[in-house]
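> Line order of the protein sequences matches chains A and B.
Each residue of the first sequence is one higher than the one before, starting from 1 at the first, in this note's numbering.
Each residue of the second sequence is one higher than the one before, starting from 1 at the first, in this note's numbering.
The hints are simulated quantities; they were obtained by calculation from the structure and are not laboratory data.
Here the structure is a predicted model, which means the values were calculated and not measured.
One should not assume that every hint holds.
Unchecked claim - Mimicking BS3-like on lysine-lysine, the simulated pairs with C-alpha atoms at most 25 Å apart in a straight line are:
#1 B:Lys149 to A:Lys170
#2 A:Lys149 to B:Lys170
#3 B:Lys267 to B:Lys149
#4 A:Lys149 to B:Lys2
#5 A:Lys312 to B:Lys190
#6 B:Lys170 to A:Lys312
#7 A:Lys226 to B:Lys31
#8 A:Lys25 to A:Lys114
#9 B:Lys226 to A:Lys149
#10 A:Lys170 to A:Lys80
#11 A:Lys142 to B:Lys170
There are 2 protein chains.
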Amino acid sequence: MKTFNVAIMGATGAVGQQMIEQLEKRNFPIKEIVFLASSRSAGQEIEFKGKTYTVQEAVPESFEGIDIALFSAGGSISEKFAPEAVKRGAVVIDNTSAFRMDKEVPLVVPEVNKTDIAEHKGIIANPNCSTIQMVCALQPLKEQFGLNKIVVSTYQAVSGAGINAINELKNQAADFDNAPNAEAKVLPVKSAERHYPIAFNAIPQIDQFTDNGYTYEEMKMINETKKIMHDDTLSVAATCVRLPVVTGHSESVYVELEAAPTVEEVKQAIAAAPGVELMDDPANQVYPMPLMATGLDEVFVGRIRQDLDNPKGFHLWVVADNLVKGAALNSVQIAESMIEQGIV
Amino acid sequence: MKTFNVAIMGATGAVGQQMIEQLEKRNFPIKEIVFLASSRSAGQEIEFKGKTYTVQEAVPESFEGIDIALFSAGGSISEKFAPEAVKRGAVVIDNTSAFRMDKEVPLVVPEVNKTDIAEHKGIIANPNCSTIQMVCALQPLKEQFGLNKIVVSTYQAVSGAGINAINELKNQAADFDNAPNAEAKVLPVKSAERHYPIAFNAIPQIDQFTDNGYTYEEMKMINETKKIMHDDTLSVAATCVRLPVVTGHSESVYVELEAAPTVEEVKQAIAAAPGVELMDDPANQVYPMPLMATGLDEVFVGRIRQDLDNPKGFHLWVVADNLVKGAALNSVQIAESMIEQGIV
Chain A
1 MKTFNVAIMG ATGAVGQQMI EQLEKRNFPI KEIVFLASSR SAGQEIEFKG
51 KTYTVQEAVP ESFEGIDIAL FSAGGSISEK FAPEAVKRGA VVIDNTSAFR
101 MDKEVPLVVP EVNKTDIAEH KGIIANPNCS TIQMVCALQP LKEQFGLNKI
151 VVSTYQAVSG AGINAINELK NQAADFDNAP NAEAKVLPVK SAERHYPIAF
201 NAIPQIDQFT DNGYTYEEMK MINETKKIMH DDTLSVAATC VRLPVVTGHS
251 ESVYVELEAA PTVEEVKQAI AAAPGVELMD DPANQVYPMP LMATGLDEVF
301 VGRIRQDLDN PKGFHLWVVA DNLVKGAALN SVQIAESMIE QGIV
Chain B
1 MKTFNVAIMG ATGAVGQQMI EQLEKRNFPI KEIVFLASSR SAGQEIEFKG
51 KTYTVQEAVP ESFEGIDIAL FSAGGSISEK FAPEAVKRGA VVIDNTSAFR
101 MDKEVPLVVP EVNKTDIAEH KGIIANPNCS TIQMVCALQP LKEQFGLNKI
151 VVSTYQAVSG AGINAINELK NQAADFDNAP NAEAKVLPVK SAERHYPIAF
201 NAIPQIDQFT DNGYTYEEMK MINETKKIMH DDTLSVAATC VRLPVVTGHS
251 ESVYVELEAA PTVEEVKQAI AAAPGVELMD DPANQVYPMP LMATGLDEVF
301 VGRIRQDLDN PKGFHLWVVA DNLVKGAALN SVQIAESMIE QGIV
């Protein structure tokens, strides 16, 4: 069996840790592995398959001899080091937003568009967490019934904003009576002017605002979905909201299909889709929730209902672990698909 | 000035307490007031305008001589006592769902359809909390641009499920590390078979499920909106979700209008609407959130955006205190409107 030299860039972060766990769990065919990070995190130790590794400070030469480099250390790090890795013969799978909308860079969710991988010129982008789980759930509907319009409202966990956001939520949640006046330094965006408490609150801002009144997170869902699904005419309307949830993004997705299937046909299509698990039994109160999806690989879909006023309209409630399928797992699956397709 | 004999049915509950506060704050023209409850709560004392009152157990005779009775003690109590109050000459303003869809009973949000009050036959219904704030925000758009379709996803606070739900959230939130295994006895529905932790979670179930896969809460939003807005052809698609928020419902509302106004025209319509406050300045991170809306009377609207693929589509983020405008304040405003219109 062919094995590969793998580098993890951003190995000490929340997503980097998940990447390491996925590589180990899935028994990825590794020849040698190297863990990279900024100078701040270099020197830390990481356990992998019973061996201890020291995290090294990333420099361009770190990528000499690397076959596959998984990046998740922020957009500016990707912009700086991904071209250096490619120059040295590595294929970069980048989890940041740096290259996602670049026409030369495939944006891939293997369940949806793995054949796009072949067109890579060194970099393959991993989509935004909230986009990945939505397109996994909608691809089977697109294939079987045609997809005309998506209206999505998200319910997103703080772990997408890093370990500091998790600690902020934890500290605020412990002081119930002080909720409106809780100290806030991280959310909604660390570098933003104003910060708001997240415990016992809902913040309708994820990432900064663009000039058109949408946030970057909302624009990612709109633009990435069209790119992954190869459909510029697909209408996507998105509102992204941060919640006092640690891990697990939920999405209330309303779709207008080209056809008018029965709700049973929609459920069957979801149940048969790869990477997706139907979890939908209202009579027994069975539906997905972020607390139950934490740590799991699947995209869970429930609350499937036909619009009472429009036979082509359907509601879905889509939940997945934003660090697993929303980030680390999808990156590793892209690498596996490359191998399977003989691209690396 | 004419004054009225007023009864509060369910005076010791969360909404009852807010009703008392609103009557006092708004200087409602009261001749005499009587506080009623079940035998379990009878005997408790209530302060009102500097005087101490004892809560009495409700019996049919409690309504002798009463002009206006505000009910908020559960549907079965309303079914039992509202007809008794009407028989004795009172007008009942009922905050439960018992009579809302009854053709003989006006369902009223004064900012939208106060002229319906005149058609009452003794009972006037107060709509569901999540419906009230949505129709307040959408009425000005309906009037100026026509309203074709609503797709709403809610972010609802636990206080809508009573004081036990608030305590459950408080206890669970204090034990961060145990979140997935937290003890749950109240949510999503106290009488339901299964209960789930609400802290650090999102539960896509409010009230019980109906046979069509929708919850009663979702069906309330669908049916009540059509009734209040006098438009059976208005398409309403709703998903209702309970969050770890104490007070303040948020709603991600997508509307398709008949016309295609500019986003500025939509903002102006919202800003000019009664009971509604425009809070929309993304450049300065100004948008409504439940923690800031708690205890306030207004319905706050922000994040107003035009659909990038459809000039008739608009997003709104609508937040209000579910116990104030969503319940107690609206009931008191119905009473004030009755007086203003000379109906009582």
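> Against the 25 Å threshold, does the CA-CA distance of Lys267 of chain B and Lys149 of chain B hold or violate the hint?
Answer holds: Lys267 of chain B to Lys149 of chain B is near 19 Å, not above 25 Å.
> For the pair supplied as a hint, Lys149 of chain A and Lys2 of chain B, confirm whether the alpha-carbon distance does not exceed 25 Å.
violated (55 Å)
> Would the pair Lys226 of chain B and Lys149 of chain A pass a check requiring their Cα atoms to be no farther apart than 25 Å?
The hint holds at about 24 Å.
> What's the verdict on Lys312 of chain A and Lys190 of chain B, does the C-alpha distance respect the 25 Å limit or exceed it?
Status violated; Cα separation ~35 Å.
> With the threshold set at 25 Å, check whether the alpha-carbon distance from Lys170 of chain B to Lys312 of chain A stays at or below it.
violated (41 Å)
> Going straight from one Cα to the other, do Lys170 of chain A and Lys80 of chain A come out at no more than 25 Å?
Roughly 34 Å separates the two Cα atoms, so the pair is violated.
> Against the 25 Å threshold, does the CA-CA distance of Lys149 of chain A and Lys170 of chain B hold or violate the hint?
Cα-Cα ~39 Å, so violated.
> Is it true that the CA of Lys142 of chain A sits at most 25 Å from the CA of Lys170 of chain B?
violated (42 Å)
> Is Lys226 of chain A close enough to Lys31 of chain B, meaning Cα to Cα at most 25 Å?
Distance ~64 Å between Lys226 of chain A and Lys31 of chain B Cα, so the pair is violated.
> Given the hint that Lys149 of chain B pairs with Lys170 of chain A, test it: the Cα-Cα distance must not exceed 25 Å.
violated (39 Å)
> Straight-line Cα separation of Lys25 of chain A and Lys114 of chain A no greater than 25 Å?
holds (22 Å)
The structure fails hints 1, 2, 4, 5, 6, 7, 10 and 11 (numbered hints given earlier, in ascending order).
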